[in-house]
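Visitor: The residues making up each chain are set out below.
2 protein chains.
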Amino acid sequence: MLEVRKNVLKQNDVIARALRDRFRAQGTLAVSLVSSPGAGKTTFLEKTLTLLKPRFRVAALVGDLATENDALRLARSEVPVRQITTGTLCHLEAAMIEHALEDWNLGQLDVLFIENVGNLVCPASYDLGEDLRMVLLSVTEGEDKPLKYPTIFNSADVAVITKIDLAAAVEFDERAANANIQAVRPGMQVFKVSAKTNEGMDDCLQFLSDALTERSQKMTV
Amino acid sequence: MLEVRKNVLKQNDVIARALRDRFRAQGTLAVSLVSSPGAGKTTFLEKTLTLLKPRFRVAALVGDLATENDALRLARSEVPVRQITTGTLCHLEAAMIEHALEDWNLGQLDVLFIENVGNLVCPASYDLGEDLRMVLLSVTEGEDKPLKYPTIFNSADVAVITKIDLAAAVEFDERAANANIQAVRPGMQVFKVSAKTNEGMDDCLQFLSDALTERSQKMTV
Numbered sequence: 000m001l002e003v004r005k006n007v008l009k010q011n012d013v014i015a016r017a018l019r020d021r022f023r024a025q026g027t028l029a030v031s032l033v034s035s036p037g038a039g040k041t042t043f044l045e046k047t048l049t050l051l052k053p054r055f056r057v058a059a060l061v062g063d064l065a066t067e068n069d070a071l072r073l074a075r076s077e078v079p080v081r082q083i084t085t086g087t088l089c090h091l092e093a094a095m096i097e098h099a100l101e102d103w104n105l106g107q108l109d110v111l112f113i114e115n116v117g118n119l120v121c122p123a124s125y126d127l128g129e130d131l132r133m134v135l136l137s138v139t140e141g142e143d144k145p146l147k148y149p150t151i152f153n154s155a156d157v158a159v160i161t162k163i164d165l166a167a168a169v170e171f172d173e174r175a176a177n178a179n180i181q182a183v184r185p186g187m188q189v190f191k192v193s194a195k196t197n198e199g200m201d202d203c204l205q206f207l208s209d210a211l212t213e214r215s216q217k218m219t220v
Numbered sequence: 000m001l002e003v004r005k006n007v008l009k010q011n012d013v014i015a016r017a018l019r020d021r022f023r024a025q026g027t028l029a030v031s032l033v034s035s036p037g038a039g040k041t042t043f044l045e046k047t048l049t050l051l052k053p054r055f056r057v058a059a060l061v062g063d064l065a066t067e068n069d070a071l072r073l074a075r076s077e078v079p080v081r082q083i084t085t086g087t088l089c090h091l092e093a094a095m096i097e098h099a100l101e102d103w104n105l106g107q108l109d110v111l112f113i114e115n116v117g118n119l120v121c122p123a124s125y126d127l128g129e130d131l132r133m134v135l136l137s138v139t140e141g142e143d144k145p146l147k148y149p150t151i152f153n154s155a156d157v158a159v160i161t162k163i164d165l166a167a168a169v170e171f172d173e174r175a176a177n178a179n180i181q182a183v184r185p186g187m188q189v190f191k192v193s194a195k196t197n198e199g200m201d202d203c204l205q206f207l208s209d210a211l212t213e214r215s216q217k218m219t220v
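In the order they appear, the protein sequences are chains A and B.
Heads up, the first sequence is in numbering that gives the first Met the number 0, so the first residue is 0 and it goes up one at a time.
Heads up, the second sequence is in numbering that gives the first Met the number 0, so the first residue is 0 and it goes up one at a time.
Mixed in with the good hints, there may be bad ones.
As the list claims (entries may be wrong) - Among the chain A residues that face chain B by a calculated CB cut under 7 Å, a handful are: (1) P36; (2) D63; (3) N68; (4) L71; (5) R72; (6) R75; (7) N153; (8) S154; (9) V157.
Claimed, not checked - Distance condition first, Cα-Cα at most 30 Å in a straight line; then the derived DSS-like pairs of lysine-lysine: (10) A:K9 <-> B:K195; (11) A:K46 <-> A:K9; (12) A:K52 <-> A:K195; (13) B:K5 <-> A:K9; (14) B:K217 <-> A:K191; (15) B:K5 <-> B:K46; (16) A:K195 <-> B:K9; (17) B:K5 <-> A:K5; (18) A:K195 <-> B:K195.
Stated by the list, open to error - Calculated Cβ distances over 10 Å to all of chain B for the following chain A residues: (19) V13; (20) R16; (21) Q25; (22) T66; (23) V78; (24) L119; (25) C121; (26) S124; (27) L131; (28) T139; (29) E140; (30) D143; (31) K144; (32) K147; (33) S208.
Hint data in this document are derived by calculation from the structure and do not stem from the laboratory.
For clarity, every value in this text was computed on a predicted model and none was experimentally measured.
Every residue, glycine too, gets a C-beta built ideally from N, C-alpha and C.
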């Protein structure tokens with residue numbers, strides 16, 4: 000079983016590498032989102048797409064076991080969105096991204112978001128060729144999640160604490176959450192947002208905008 | 000990969016069957032809990048153990064990738080608790096339960112709770128020999144989760160909607176949640192609880208108590 004799994008991961012890495020080269024060659028910043036189910040990935044993404052759209056050419060791929068609900072929700076932001084339905088598979092794999100992008104012209108995209116299946120375990124092991132992986136943690140889930148799911152926090156580049164409008168109602172201990180994130184991934188940048196009230200969204204969008212500028216400068220050089 | 004996975008599942012089923020026979024022979028009711036991370040399994044279980052303890056001999060096994068936090072929390076209820084640390088594995092398997100119970104005398108237990116790893120996908124496929132599988136869904140996760148993770152709702156016997164003290168704050172649509180549960184698993188019994196305020200806990204405990212009585216009657220016959 001371990002041997003087979005190793006081979007699957009190796010194949011995945013090969014495809015992910017090719018995807019990453021393609022994103023870089025076309026100047027597209029690929030950003031993936033991982034979290035547990037219900038942490039607010041789709042709401043955060045809908046808000047992000049809507050706010051970035053006036054300035055950048057954005058699009059999204061969204062993974063789920065079943066239903067096209069998320070694609071329908073994201074379509075309200077009026078940017079290109081495609082649903083990837085994984086059936087019983089608990090994570091996205093690079094080959095699914097490659098397949099979903101087959102007829103897309105990345106040269107016309109500044110930022111491609113990839114929303115993974117809601118799962119704090121398995122997506123950690125699968126490189127999707129993304130430049131940035133954001134791990135979302137909602138205030139309602141408990142501050143201990145980084146300690147309990149260290150691999151996915153370790154595999155991510157930034158953390159986003161979501162639903163902070165509910166922080167008081169759930170007695171969220173921000174200090175403990177931060178300490179737990181830093182214990183697992185020292186130095187990790189952490190954003191706090193509410194996609195409902197827009198609190199903190201500016202900082203998060205500025206971060207994405209800076210990452211995109213950096214990407215363009217590298218291309219020019 | 001599929002072939003290997005099939006064999007793993009087949010082996011798991013053999014061990015789960017043996018466990019189920021053992022639970023029945025000893026008169027122990029085995030109840031597993033599945034949910035996404037942060038849905039409140041441990042808080043619900045701590046409350047349940049504390050409330051059942053005066054009337055029944057109860058114990059718990061609790062699965063997590065890392066940390067012994069949950070076992071420490073559950074130990075406050077002063078019943079036997081054992082942590083199963085799965086490493087990078089995203090679910091419990093029957094063999095882990097068998098191993099964890101090796102030196103336990105089930106004859107001295109009325110109810111054994113098994114808290115699975117927080118994950119709405121993979122645990123669905125692994126029979127743990129339990130008599131009852133409870134799927135927990137917190138009001139903060141969104142009403143669409145049954146539709147998005149149909150397999151796990153289908154594999155469960157009852158659903159428990161948790162954190163209902165937060166229902167108003169998150170504008171939880173109970174009717175939609177119920178409709179989605181019934182769409183995936185028609186006729187499924189649904190409990191609504193708050194382990195914080197105790198609301199709804201009585202009904203849920205009565206249900207477990209009835210299940211245990213039924214088990215004892217079957218044994219006597």
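Visitor: Of the hints stated earlier, which fail here?
Guide: Violated hints (numbers, rising): 4, 5, 6, 7, 8, 9, 10, 11, 14, 15, 16, 22, 24, 25, 26, 28, 29, 30, 31 and 32; every other hint is consistent with the structure.
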